[in-house]
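> Please model the complete structure; the sequences and the hints are all you need to start from.
Residue numbers (my numbering), protein chains in the order written: chain A, 195 to 572; chain B, 271 to 372.
Hints are computed from structural coordinates only; laboratory data are not their basis.
Keep in mind that a hint or two might mislead.
27 angstroms max Cα-Cα, derived BS3-like pairs, lysine-lysine [as the list claims (entries may be wrong)]:
1) A/K502 <-> A/K360
2) A/K279 <-> B/K338
3) B/K326 <-> A/K360
4) A/K435 <-> B/K292
5) A/K391 <-> B/K353
6) B/K357 <-> A/K414
7) A/K310 <-> A/K345
8) A/K414 <-> A/K222
9) B/K335 <-> A/K414
10) B/K367 <-> A/K269
11) A/K269 <-> B/K335
12) A/K360 <-> B/K353
13) A/K321 <-> B/K326
14) B/K367 <-> A/K360
15) B/K335 <-> A/K392
16) B/K367 <-> A/K391
17) B/K273 <-> A/K570
18) B/K326 <-> A/K485
19) B/K357 <-> A/K321
20) B/K273 <-> A/K360
21) A/K360 <-> B/K335
22) A/K360 <-> B/K292
23) B/K353 <-> A/K435
24) B/K353 <-> A/K392
25) A/K441 <-> B/K335
26) B/K326 <-> A/K435
27) B/K335 <-> A/K241
28) A/K392 <-> B/K345
29) A/K279 <-> B/K335
30) B/K326 <-> A/K441
31) A/K310 <-> B/K353
32) A/K321 <-> B/K367
33) B/K292 <-> A/K414
34) A/K269 <-> B/K338
35) A/K435 <-> B/K367
Label-pair distances were calculated between CB atoms; the ranges are [unchecked claim]:
36) B/K326 <-> A/D405: 41 to 51 angstroms
37) B/M271 <-> A/V258: 49 to 59 angstroms
38) A/E442 <-> B/P330: 11 to 21 angstroms
For every residue, glycine included, the Cβ atom is placed at its ideal position computed from N, Cα and C.
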Amino acid sequence: MDEKTEHHYQPGYLFLPFDIYEPEDIIKSINEFIPKTVDLVQGAIDKVVPSENKVLMHDGSVLVYDVLIVATGAKTAPEEIEGMKGTEWYKSVFDFYTFEGSLSLRNKLRDWKGGKLVVHITEMPIKCPVAPLEFAFLADSYFKHKHMRDKVDITYVTPLSGAFTKPKATEALEHLLQEKNINIESDFAIEHVDNEKKEIVDYGGRAIPFDILVTVPTNKGDEVIARSGMGDDLNYVPTHKATLQSKEYANVFVLGDASNIPASKAGSVAHFEAEILTDNILRFVKGEPLKEEFDGHANCFIETGNGKALLIDFNYTHEPVEGTFPFPGVGPLKLLKESRMNHMGKLAFRWIYWNVLLKGTHIPFVSASMSEAGKKYN
Amino acid sequence: MEKTIAGKSIAVNEEGYLTDFKQWDKSVGEALAAEAEINLTPRHWDVLSYLQTEHKNEVPLSIRKIGKSGVVDIKEFYQLFPKAPLKTATKIAGIPKPASCI
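Structure below.
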């Protein structure tokens, strides 16, 4: 069931503002990805009644289920912060986590003459936690290519203790910020956006001025989760982190960003979860005990600009470290190091997404559980 | 690495955060607070114990969430743990600071 008729390749929102991708690269019809043996119901859901195994649709129809998989995702909620969706919204205040925001930002950047560009994270958790950093790196690269980098001041503002928060990543990557001349404002807990003065202000009274603010608003689960009474205060469904079963309803499973598990809200996580979820639902149907198999595995390319990228591979217990991937000692991809090969991987990933991942095909040589081989843990 | 805190040998990371919460007790909390030049009052302890419970339940911590918790409002949280309250309070509570994936 989906209320939308189009599927968006969300990682593409990062590239749209910089004219690297066009809208048609990232939007396709949902219809073409649903197997012929599956019924696709298109329409908005009023609410789920998990105690009665029912889904109530807006048009009044009712669907009854034996097993429900909730995959309603996460989205931005700029209204959570005073003034964020104010008079400057899509004039000098933008998000790039929606198609509309990303496209408005592209149009703004195309003829911007320069000034203070502030890239900002409102609060964690957010989808694709590295995307704002990638945005700052790509902005550096974009303005360099336009021969106007000296006219743009880039500041990265985070509620965390720095742009990097894990020891190994900080050690390996901190130099990138100096090389790219990106200023860091850390421990910034935004209280409001001042649309008149064009600044963001935090609870401690610190103010940061901007000419363009690119913010990642608070992320929340879908309102349908709140209407159904199935979520926490950010509308995420409490979920067992290793089995992916709802903590409250045995026949409800949660896939991807809709859950509250402490894994990254990333596409690769949803992909690895899907493999384990399939096995567990089959066990559930047979009345067998579920396997606590999901380890929080995530695998992400990180654009660093100028035709290079990083690759990280990590899980619940293992932070990203240097090494080789997917073949230990061989690669060809290098972990936690900038390379052109990683950038090619990131660009190739769009093709893999549309042609392999969405069809549920297993990615060769990459397992759902993280491998420790070929990695430098100590 | 190991660090002597309140006369005990405690496992900490590069930034001095405890890596094993089981080694935390109130005397460790008091010693870490003294390092941050904070004198712990009953209000501090309310906040620290709330943070420890949230951490145990694997709830991601954010300042706005703490403000909505009913335990402390954001203004008081800044008064209790000045400058970077979440970074300081988590260290004293013996739990990891809020982090991203890299």
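> For every hint, state whether the structure bears it out.
Evaluated hints:
1. With a C-alpha separation of about 21 angstroms, the suggested pairing of A/K502 with A/K360 holds against the 27 angstroms cut-off.
2. With a C-alpha separation of about 21 angstroms, the suggested pairing of A/K279 with B/K338 holds against the 27 angstroms cut-off.
3. Taking the CA atoms of B/K326 and A/K360, the gap is about 20 angstroms. The hint holds against a cut of 27 angstroms.
4. Between the alpha carbons of A/K435 and B/K292 the distance comes to roughly 22 angstroms, so the proposed pair stays at or under 27 angstroms and holds.
5. The hinted pair formed by A/K391 and B/K353 meets the criterion: a straight-line CA distance of about 23 angstroms does not exceed 27 angstroms.
6. Among the hinted pairs, B/K357 with A/K414 is consistent with the structure: their alpha-carbon atoms are about 23 angstroms apart, no more than 27 angstroms.
7. With a CA separation close to 9 angstroms, the supplied pair A/K310 and A/K345 stays within the 27 angstroms bound.
8. A distance of roughly 24 angstroms separates the Cα atoms of A/K414 and A/K222; the hinted pair therefore holds under the 27 angstroms criterion.
9. For a cut-off of 27 angstroms, the pair hint linking B/K335 to A/K414 stands: about 13 angstroms separates their Cα positions.
10. This hinted pair checks out: B/K367 and A/K269 have alpha carbons roughly 25 angstroms apart, not beyond 27 angstroms.
11. Taking the CA atoms of A/K269 and B/K335, the gap is near 18 angstroms; set against the 27 angstroms cutoff, the hint holds.
12. At roughly 21 angstroms between alpha-carbon atoms, A/K360 and B/K353 fall within 27 angstroms of each other, so this suggested pair holds.
13. At roughly 23 angstroms between alpha-carbon atoms, A/K321 and B/K326 fall within 27 angstroms of each other, so this suggested pair holds.
14. Distance check on the hinted pair: B/K367 and A/K360 sit about 10 angstroms apart at the alpha-carbon level, within 27 angstroms; holds.
15. At roughly 26 angstroms between alpha-carbon atoms, B/K335 and A/K392 fall within 27 angstroms of each other, so this suggested pair holds.
16. Between the alpha carbons of B/K367 and A/K391 the distance comes to roughly 32 angstroms, so the proposed pair goes past 27 angstroms and is violated.
17. Between B/K273 and A/K570 the alpha-carbon distance is near 25 angstroms, which keeps this suggested pair within the 27 angstroms criterion.
18. Proximity of B/K326 to A/K485 is assessed by CA-CA distance (about 22 angstroms); at most 27 angstroms being required, the pair is judged to hold.
19. Under the criterion of a C-alpha separation no larger than 27 angstroms, the hint pairing B/K357 with A/K321 is consistent with the structure, at around 22 angstroms.
20. Of the supplied pair hints, the one linking B/K273 and A/K360 holds, its CA atoms being roughly 20 angstroms apart against a limit of 27 angstroms.
21. Of the pairs offered as hints, the one joining A/K360 and B/K335 holds, with about 22 angstroms between alpha carbons and a cut-off of 27 angstroms not exceeded.
22. For the proposed pair A/K360 and B/K292, the alpha carbon gap of about 22 angstroms is at most 27 angstroms, so the pair holds.
23. Simply put, B/K353 and A/K435 have alpha-carbon atoms about 34 angstroms apart, too far for the 27 angstroms limit, and the pair is violated.
24. The suggested pairing of B/K353 with A/K392 holds, with an alpha-carbon distance near 23 angstroms, which does not exceed 27 angstroms.
25. A distance of roughly 22 angstroms separates the Cα atoms of A/K441 and B/K335; the hinted pair therefore holds under the 27 angstroms criterion.
26. A hinted pair counts as satisfied when its Cα atoms are at most 27 angstroms apart, and B/K326 with A/K435 qualifies at roughly 14 angstroms.
27. Between B/K335 and A/K241 the alpha-carbon distance is near 26 angstroms, which keeps this suggested pair within the 27 angstroms criterion.
28. In summary, the hint linking A/K392 to B/K345 is supported, as the alpha carbons are separated by about 23 angstroms, within the 27 angstroms threshold.
29. As the CA atoms of A/K279 and B/K335 are separated by approximately 20 angstroms, the hinted pair is consistent with the 27 angstroms bound.
30. For the suggested pair B/K326 and A/K441, the alpha carbons sit about 16 angstroms apart, so the restraint of at most 27 angstroms is met.
31. With a C-alpha separation of about 25 angstroms, the suggested pair A/K310 and B/K353 falls inside the 27 angstroms cut-off, and the hint holds.
32. Restraint check for A/K321 and B/K367: the C-alpha separation of about 19 angstroms stays at or below 27 angstroms, so the hint holds.
33. Under the criterion of a C-alpha separation no larger than 27 angstroms, the hint pairing B/K292 with A/K414 is inconsistent with the structure, at around 32 angstroms.
34. With a CA separation close to 21 angstroms, the supplied pair A/K269 and B/K338 stays within the 27 angstroms bound.
35. For the hint pairing A/K435 with B/K367, the CA-to-CA distance comes to about 21 angstroms; that is within 27 angstroms, so the pair holds.
36. At roughly 44 angstroms, the beta carbons of B/K326 and A/D405 sit within the given window of 41 to 51 angstroms.
37. Range check, B/M271 to A/V258: Cβ separation about 57 angstroms, and the 49 to 59 angstroms hint holds.
38. The beta-carbon spacing between A/E442 and B/P330, approximately 20 angstroms, falls within the hinted interval of 11 to 21 angstroms.
Going down the numbered hints, you'll see the structure goes against 16, 23, 33, while the others check out.
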